[in-house]
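A.B. asks: Given chain A, put chain B in place with the hints provided.
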Amino acid sequence: MSMSFIADKQTLEDLNLLGRFKPNSIYNLFSRIKTTGGEQLLERMFQQPLTNPEAINHRSATFRYFQQKQLTFPFNGVNFRLAENYLNMGGANSLPAILKKKLNAFLNDDEYEKLLAGLKAAIEMLRTFRNFLQHLTDFNDAAAWRKTLSALTRLDSNKELTLLTVARYDRLLRHTLRSEMEQLLDAVHQLDVYIAVSDVARQRGFHYAHALPASPSVFHTTALKHPALDAGVANPVSLHSDSNVIFLTGANMAGKSTLMKSFGIALYLAHMGFPVAAADMEFSVRDGLYSSINVPDNLNMGYSHFYAEVLRVKQVAAEVSSGKNLVVIFDELFKGTNVKDAYDATLAVTAAFARYRNCFFIISTHIIEVGNALRQYENLQFAYLPTLMEGTKPKYTYQLREGITSDRHGMMIIENEKILELLNE
Amino acid sequence: MLFTTDKQTLEDLNIFGRYGADSVYNIFNRTVTRGGAALLEEMFRYPLSDHEAINRRSSIIQHFAAAGTAYPFSATLFDAIAAYIDNTDERTRLTTEEQSISKKLAGMIAVDGNTQMVYKGVHSLIEILQGAQSFVSTEAGGMAYETDRKAIATLLSEPAFEPVLAHQGKPAHSTIAAYDVIFRFRYRGLILQLLHHLYYLDVYISVAKVAAERGFIFPQALPRHTCSVNAEGIYHPLLKKAVPNTIRITDESNVIFLTGANMAGKSTFMKSLSIALFLAHMGFPVAAARMEFSVLDGIYTTINLPDNLGMDASHYYAEVLRVKKMAQELSQGKQLFIVFDELFRGTNVKDAYEATIAICKGFARKRNSIFVISTHIIEAGDVLKAAAANIQFVYLPTRMDAHKPVYTYTLENGITDDRHGMIIINNEGIIDMLKAGLIKMK
Chain A
246 MSMSFIADKQ
256 TLEDLNLLGR
266 FKPNSIYNLF
276 SRIKTTGGEQ
286 LLERMFQQPL
296 TNPEAINHRS
306 ATFRYFQQKQ
316 LTFPFNGVNF
326 RLAENYLNMG
336 GANSLPAILK
346 KKLNAFLNDD
356 EYEKLLAGLK
366 AAIEMLRTFR
376 NFLQHLTDFN
386 DAAAWRKTLS
396 ALTRLDSNKE
406 LTLLTVARYD
416 RLLRHTLRSE
426 MEQLLDAVHQ
436 LDVYIAVSDV
446 ARQRGFHYAH
456 ALPASPSVFH
466 TTALKHPALD
476 AGVANPVSLH
486 SDSNVIFLTG
496 ANMAGKSTLM
506 KSFGIALYLA
516 HMGFPVAAAD
526 MEFSVRDGLY
536 SSINVPDNLN
546 MGYSHFYAEV
556 LRVKQVAAEV
566 SSGKNLVVIF
576 DELFKGTNVK
586 DAYDATLAVT
596 AAFARYRNCF
606 FIISTHIIEV
616 GNALRQYENL
626 QFAYLPTLME
636 GTKPKYTYQL
646 REGITSDRHG
656 MMIIENEKIL
666 ELLNE
Chain B
3 MLFTTDKQTL
13 EDLNIFGRYG
23 ADSVYNIFNR
33 TVTRGGAALL
43 EEMFRYPLSD
53 HEAINRRSSI
63 IQHFAAAGTA
73 YPFSATLFDA
83 IAAYIDNTDE
93 RTRLTTEEQS
103 ISKKLAGMIA
113 VDGNTQMVYK
123 GVHSLIEILQ
133 GAQSFVSTEA
143 GGMAYETDRK
153 AIATLLSEPA
163 FEPVLAHQGK
173 PAHSTIAAYD
183 VIFRFRYRGL
193 ILQLLHHLYY
203 LDVYISVAKV
213 AAERGFIFPQ
223 ALPRHTCSVN
233 AEGIYHPLLK
243 KAVPNTIRIT
253 DESNVIFLTG
263 ANMAGKSTFM
273 KSLSIALFLA
283 HMGFPVAAAR
293 MEFSVLDGIY
303 TTINLPDNLG
313 MDASHYYAEV
323 LRVKKMAQEL
333 SQGKQLFIVF
343 DELFRGTNVK
353 DAYEATIAIC
363 KGFARKRNSI
373 FVISTHIIEA
383 GDVLKAAAAN
393 IQFVYLPTRM
403 DAHKPVYTYT
413 LENGITDDRH
423 GMIIINNEGI
433 IDMLKAGLIK
443 MK
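Residue numbers (this note's numbering), protein chains in the order written: chain A, 246 to 670; chain B, 3 to 444.
There may be inaccurate statements among the hints.
[Unchecked claim] With a cut-off of at most 25 Å between alpha-carbon atoms, the simulated DSS-like pairs for lysine-lysine come out as follows: (1) A:LYS585 with B:LYS326; (2) B:LYS406 with A:LYS559; (3) A:LYS569 with B:LYS444; (4) A:LYS663 with B:LYS326; (5) B:LYS442 with A:LYS569; (6) B:LYS327 with A:LYS638; (7) B:LYS352 with A:LYS663; (8) A:LYS559 with B:LYS442; (9) B:LYS406 with A:LYS585; (10) A:LYS254 with A:LYS569.
Derived from the structure by calculation, the hints contain no laboratory data.
Source: prediction; values computed, not measured.
Chain A on its own, in the form it takes in the complex (with noise of 0.2 Å):
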């Protein structure tokens, strides 16, 4: 059992990865569960990533098999949640309410009438489950379920239940068969969330990533997109440990944060063996991931954006430090100072954790004259977003260039907002 991937609060936030009621989080592009046991294992998948490749393999196989099979979800919404609650009424003896129909003849039971209601729909959802296994008869996991469902073909017929055969199928399913049962309603829930997941995969053209054994460290994809913007461009990221860090420039707007968000969404998606928006994509297993991109502006008054991002610096460096394999990203490091203050800060920390060749490091900053002071060492890709000029007007392509760009428009975004004729008026 090897220990969950990590990933923190700010983390997750710089990412926007969990909340069910957050707009445009990551879980919500995966969201299209129909049952509230699918939507409680979906949401479990995304709170514990994996960090042992064989389990990540397996899962996404699973999804990519779904895929491939481009199946229905079969169960009937109302129905299911009436079996389900059935079957999870607890082996409570429903005798009582047997014997009570049967000794008040006339009278209208309100509890028989519930029990018969649940006991159909529970036979009604092992049958349409039966009928569901012909479309998976090469997937291991349906062995254990065929075997528990076609020992129920008998309940299937369509005579009118007497009394004593609800008392019969009554207890076979919420007493003999109770573990049976349970196993066969997390399978919905899997097959909910298998379903759900691979049609995201189909129709958004996600891929599945290949998990490898921790070392040696590798990272790669010939095309990484943001998964939740529709008009993302594609761009091939390589890591391994000869090569650690991306030190990454481009001017505002140029698309460096949403590059280092992509990346940092497609590799925890891809530890919890879910499809991820890069191709080809294969990545040794890490320990886990911490990001830096928006970090929390409205302090307490005396504390300086700085100190806030230097104390967040030294909480990720002890973590790289105790020896773990983590993915760490800094978007525009120690902004929160002035210009030779930043250069010295940047250049220190990149050099220093550049050395842990265990980790992988994605730094963005505007200060580019670090990036001529860090050529010296060869762990270092140099990465930039350009950004074209059509007559006075930006233009970005976000398509990554090798090297340390230049670019800067700042001045020409005030003169397009026309502030100091404004001013000089």
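C.D. replies: Chain B only, in chain A's frame:
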């Protein structure tokens, strides 16, 4: 013209605070009556932009503060009349005729809710009218409050109120019924006016109390168009150990270029000055030793600009749009107090340098407004020194005590190149931690 401000400014200065936590409003939120609390909030929402109105309100509060006047009414009186006076349903009028036996009997068991409401309301208003009468007869509030005092006296001089003011002892049912008609129906307008005056009085006296307790002073408002702020010993009213600072601003020095290391107190100083000016425009007491200021049309600060914008907008662009908004307001001829903390920190150094110079130069042309701009791009200061004569350069220093930075929080003239970012990083032991970890792993 109205004094203008916006949500960003109110949040930057923590005027109202979140969930009623420590806020500037809460310092003063000590009114006795609910009507007073509503008025207080209105005053915070709509500061004044006329120096006479400001000085008038300020002198009233100042007078009450000096005299230590207490509000002559208790809160319960006003609670009783709130529901009463708002109820103008004729059917709730008490009947003046003698009560029938059965009604009397019923009344012995339980007075019905309506009768009780009217009884309480009338009792309270008798007390309020008599209290107001004795308050104005003592000349409370001195010269400053004279206009209001006369207005109250005029309201009370309505002949219909004469028996009410002279009333003594427990009123009979028929008297209550008669007063009810006077209060709620025939002279309702006068009663509402009177209450309005008493709510104002509540605000004046409660604010005066705060000023006296906290040692706040009353700024002098000067006519607009003079562009001057003379603030001695201003400090942040919400900080426990706030350090006072003094700044003088005239049209010869209306752009303040503020530098200083992280944590040296730049934001706190900017907030202190902004809050003082905000309160001063309300005619309220401020946390300072002495202050005079020429009246402005509005105040806009940009201290904590939200970072978490949509995926495609950068922090820099948000800053540019904010500057544009200011430029638009200025181009309409408004005289504003404008604050920018860490202008253009969301872009690369060269852009920030050029943009800071261009915008500061543009601001410097507006001699009738006041600007406070803090930045880390100290190089821009050298260029601006040569470019415009009306920029004043101040900084908040950092002294080094061995390896620990120590801050004085006291303004000095000039530009500082204090920078201790690396010292802070080293003090946190980040680089050492990373070095040690590598050795352990080998």
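A.B. asks: LYS352 of chain B and LYS663 of chain A: Cα distance at most 25 Å?
C.D. replies: Holds, at roughly 20 Å.
A.B. asks: Is the hinted pair LYS254 of chain A and LYS569 of chain A satisfied, with a Cα-Cα distance of at most 25 Å?
C.D. replies: holds, 18 Å
A.B. asks: Are the Cα positions of LYS559 of chain A and LYS442 of chain B separated by 25 Å at most?
C.D. replies: holds, 18 Å
A.B. asks: Compare the distance between the alpha carbons of LYS663 of chain A and LYS326 of chain B with 25 Å, and conclude whether the hinted pair is satisfied.
C.D. replies: holds, 8 Å
A.B. asks: Check the hint pairing LYS442 of chain B with LYS569 of chain A against an upper bound of 25 Å on the C-alpha distance.
C.D. replies: holds, 12 Å
A.B. asks: Need the status of pair LYS327 of chain B, LYS638 of chain A: alpha-carbon distance at most 25 Å?
C.D. replies: holds, 21 Å
A.B. asks: Is LYS406 of chain B close enough to LYS559 of chain A, meaning Cα to Cα at most 25 Å?
C.D. replies: holds, 18 Å
A.B. asks: Just to be careful, I want the Cα atoms of LYS569 of chain A and LYS444 of chain B compared with a cutoff of 25 Å; is the pair within it?
C.D. replies: Cα-Cα ~13 Å, so holds.
A.B. asks: Just to be careful, I want the Cα atoms of LYS585 of chain A and LYS326 of chain B compared with a cutoff of 25 Å; is the pair within it?
C.D. replies: With a Cα-Cα distance of about 28 Å, the restraint between LYS585 of chain A and LYS326 of chain B is violated, given a limit of 25 Å.
A.B. asks: Taking 25 Å as the top limit, are the C-alpha atoms of LYS406 of chain B and LYS585 of chain A close enough?
C.D. replies: OK: LYS406 of chain B and LYS585 of chain A at ~19 Å, within 25 Å.
Hint check: a violation occurs at hint 1 only; the rest are consistent with the structure.
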